[in-house]
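S.K.: This is what each chain is made of:
Number of protein chains: 2
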Amino acid sequence: MSSDGEEALRFRLLSAQLELARTEKRAVVVLVAGHAGTGKGHLINRLNHWLENRLTEVQALVPCEEDRRHPYWWRYWTRLPARGRTTVFVHGWVGDALLGAATRRLGQGAFADRLIEIATFEADLKAAGITLVKLWLDIDVDVQAQHLATLEADPLTRWQVTEDKWFRHSQHGVIHQLGRQLRKATETEDSPWLCLDAAPGNDLLTPVARHIIKAMEGAAEGRFVPRPPVSQEVLNPASAIPQLSDLIEHAPAISKSAYRDRLASAQAKVAELARRAVWRGIPVVVVFEGHDAAGKGGSIHRLTSALDARTYRVHSIAAPSERELLFPWQWRFWQRLPADGAVSIMDRSWYGRVLVERVESLIDEQEWRLGYRQIVDFETQLLRHGVVLVKLFLAIDSDEQLKRFKARAVTPHKQHKLTEEDWRNRARWEEYEQAIDEMFAATHRKAPWTLIDANDKRHARLAVLHEVAARLEDRLQAN
Amino acid sequence: MSSDGEEALRFRLLSAQLELARTEKRAVVVLVAGHAGTGKGHLINRLNHWLENRLTEVQALVPCEEDRRHPYWWRYWTRLPARGRTTVFVHGWVGDALLGAATRRLGQGAFADRLIEIATFEADLKAAGITLVKLWLDIDVDVQAQHLATLEADPLTRWQVTEDKWFRHSQHGVIHQLGRQLRKATETEDSPWLCLDAAPGNDLLTPVARHIIKAMEGAAEGRFVPRPPVSQEVLNPASAIPQLSDLIEHAPAISKSAYRDRLASAQAKVAELARRAVWRGIPVVVVFEGHDAAGKGGSIHRLTSALDARTYRVHSIAAPSERELLFPWQWRFWQRLPADGAVSIMDRSWYGRVLVERVESLIDEQEWRLGYRQIVDFETQLLRHGVVLVKLFLAIDSDEQLKRFKARAVTPHKQHKLTEEDWRNRARWEEYEQAIDEMFAATHRKAPWTLIDANDKRHARLAVLHEVAARLEDRLQAN
Chain S
1 MSSDGEEALR FRLLSAQLEL ARTEKRAVVV LVAGHAGTGK GHLINRLNHW LENRLTEVQA
61 LVPCEEDRRH PYWWRYWTRL PARGRTTVFV HGWVGDALLG AATRRLGQGA FADRLIEIAT
121 FEADLKAAGI TLVKLWLDID VDVQAQHLAT LEADPLTRWQ VTEDKWFRHS QHGVIHQLGR
181 QLRKATETED SPWLCLDAAP GNDLLTPVAR HIIKAMEGAA EGRFVPRPPV SQEVLNPASA
241 IPQLSDLIEH APAISKSAYR DRLASAQAKV AELARRAVWR GIPVVVVFEG HDAAGKGGSI
301 HRLTSALDAR TYRVHSIAAP SERELLFPWQ WRFWQRLPAD GAVSIMDRSW YGRVLVERVE
361 SLIDEQEWRL GYRQIVDFET QLLRHGVVLV KLFLAIDSDE QLKRFKARAV TPHKQHKLTE
421 EDWRNRARWE EYEQAIDEMF AATHRKAPWT LIDANDKRHA RLAVLHEVAA RLEDRLQAN
Chain B
1 MSSDGEEALR FRLLSAQLEL ARTEKRAVVV LVAGHAGTGK GHLINRLNHW LENRLTEVQA
61 LVPCEEDRRH PYWWRYWTRL PARGRTTVFV HGWVGDALLG AATRRLGQGA FADRLIEIAT
121 FEADLKAAGI TLVKLWLDID VDVQAQHLAT LEADPLTRWQ VTEDKWFRHS QHGVIHQLGR
181 QLRKATETED SPWLCLDAAP GNDLLTPVAR HIIKAMEGAA EGRFVPRPPV SQEVLNPASA
241 IPQLSDLIEH APAISKSAYR DRLASAQAKV AELARRAVWR GIPVVVVFEG HDAAGKGGSI
301 HRLTSALDAR TYRVHSIAAP SERELLFPWQ WRFWQRLPAD GAVSIMDRSW YGRVLVERVE
361 SLIDEQEWRL GYRQIVDFET QLLRHGVVLV KLFLAIDSDE QLKRFKARAV TPHKQHKLTE
421 EDWRNRARWE EYEQAIDEMF AATHRKAPWT LIDANDKRHA RLAVLHEVAA RLEDRLQAN
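As given, the protein sequences belong to chains S and B, one line each in that order.
Using full-length UniProt numbering, the first residue of the first sequence is number 1, and each one after it goes up by one.
Using full-length UniProt numbering, the first residue of the second sequence is number 1, and each one after it goes up by one.
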């Protein structure tokens, strides 16, 4: 390419990026995958030089200890760009899958599962307003060998030829085969793969820059409309799904002294089990959802009283911050996942997507329907990593809520908890009831809900502790 | 305390916290230290229940792998609360020091050094508008033994008595002694230690809540005025400190072909050395400062071309974001430090504190003078952890800058780099020259500056690579 043409292209790329940043409508993820010895490092370096530094990140880091102590996709979710920004992933999830399969760490079945996960992840990026640019750098096996040998012969370039490049060369056929399979499984209309012949001497920067410009220009204009790929499996749930109408008869009252004894004993049990879980590196997530004033805070307090302060974190979920709004909606929940051997307690959770955001019409129907599938996928990732996931719904009836609201209004340290929003939510009681039951139906199967009658606080607190203990016990006995 | 009195106290605490959040003037850090068996967990749990969850964090986590791969204070700097928020540290840096000394991991000298570091850290919190509340929970050695035995005898409370509690009991005398020494060394007028007798049955929550209320109310009102404790050592520098006037004669021009050869060879050398450093887990920080249009970007590009993309990160430092402004000014730089075995390249850096923030009067004289001491302390922490710290200043003269500004104005992909700010900075050339020379003088001694003549770009790029190579070589030969 002529120097003038190059100059013009560079300017167009930069302009597209600045426009992306100005509108803050979408983010761009560039994934660079392919064979070894294809000059990825060089390409990315030049590309990075063309892009505006302050708007770009290159993510080529090898997974650290922290990554391995979280569910697999954590490392990518937590590193996504905010809207307006660009992140270049080198190898990324595609490299993990190919190298995993080539080294047999991923068996055939696991590789097939991973392809589905990749397609799902990429669909979620799209749904979240992230434009994905996928590049595959191809090279003939003989050209690859010759190129690596040439680099190695020159003392000035020898350092570029790391051992894993020769390993990848030895696996050229396998990677070629797996790569085709992977590209086929993840090809979509919006994010087609761009395959390039990366033989030495070929200009890669020009086609890559053009491809990115096109994606960025589309991204800056495009108004995003998600399609809800909610599968039938999720919408046609099995039996034994909880329903709010199950709670017709109230739990019997518990005397103060009986409560004290039973609380101490339940806490001791949770304490013992949680310590063993932590010691064995098991991650635990306890989700608290429930009606306003159902007593989530008090229940959480009784639970944390039984836990070692060094091991747990309580996450109170309110409306997302301005910064959080620049990311996919799931992003802030990935950020709050526990590492192995730690406990995250969610005071409200990702279920806000299909409760408050739905009922308050903060998102449209397509989005909250898609949310069911996204939540099931998210929780599946947790389970697959070995997280003990306890989902509790604390339910009270309408009269009890009104009684508690009134009590809050006259208790000084509780007044700030009672806001207009509470009354507004209360006015939409019926809509919430419907959303809650549909939520149970759509998200119960893989990670079951426990519906707790919270009309009596003592009963609810004990039930929470018993459920957590039972779930920990199951896991500790299982392995 | 009567139930009514308790209710009132709880309300006052909550009100103070909500006011703190409303004004966003200061943050509050509560440090809970002291002997084992003093009911810290119980106290914090109740305190946490009284405070507003969404404004509070409890940090009691044991250091993770990620913490150990960064300079010691990283784990605390990165976990500080934003203004308006409260963080409770359990044991925290005080616990580290005491347990370190009790287990002999910290020798006497190292313990004494640590006390100075603690005092400095706490002074920096204060300077950044963070109110520090320090609690020491005391207990008589016999009462401690009896209390632990009682807890252990009851199956319901046995879980609270972990092995390290008995170890701490066996070290009661030592911890008592060290604790007194530590409190004496870190007692200040603004953050006095509150010592409490934590014998079983004593009410700790009331005095603690009162103490925190007082601190929060002071924090909400108080207008912070930092005193600059810049030591003479730093202000009376040794010789060999660079000065801009050193660069009278320009470096000789380099032909294009000679440059190409020398560039390739210098990059190969850096590549080889950097790979060895990464492999040995050595963290590297390269700071680029310099005049506007001095060619930092181009030099960084030539440096990163020699590095493995998986190992480095370029951080372009512009004005802090709104969120970053809620934290101490150093916070965003702590966030950008490399883990062991990684490279952080700073395109501008913490030196903005004593350059642009000084010259543009974004802070007052006391603050930028204090900045020298804070920078020296910060860099000392890096060096102590084993970071290879390379500080480069790329200097051009005024005529050359004007020439480059004019060239930028006519190059499409460079136009966005030339802003009004550049011209404004240029108008303050003399003030910057003075600030730069004073910066050299105040911050050269512990971590030396390399002043690079950047009037010739080729010369500058080679000089950068040579300096980085030399510094890596020094370290690799040293151990």
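Keep in mind that the hints were calculated from the coordinates and are not lab data.
Incorrect hints may have been included.
For chains that are exact copies, the list does not tell them apart, and a pair is met inside one copy or across any two.
Said to hold, decoys possible - Cross-link-like lysine-lysine pairs, in silico, DSSO-like; alpha carbons within 30 Å at most:
#1 K457 <-> K403
#2 K414 <-> K184
#3 K184 <-> K256
#4 K126 <-> K184
S.K.: The structure should be examined with respect to each hint, and the outcome stated for every one.
M.R.: So, going through the hints one by one against the coordinates:
In this assembly of identical chains, the alpha carbons of K457 and K403 lie at most 30 Å apart only when taken from the same copy (13 Å versus 75 Å across copies). Neither within a single protomer nor between protomers do K414 and K184 lie at most 30 Å apart by alpha-carbon distance, with minima of 57 Å and 40 Å respectively. In this assembly of identical chains, K184 and K256 lie within 30 Å of each other by CA distance neither inside one copy nor across copies; the values are 64 Å within and 46 Å between. Within a single copy, K126 and K184 get their C-alpha atoms as close as 18 Å, which meets the 30 Å cut-off; across copies the closest is 58 Å, which misses it.
Hint compliance for this structure: hints 2, 3 are not met, and every other hint is.
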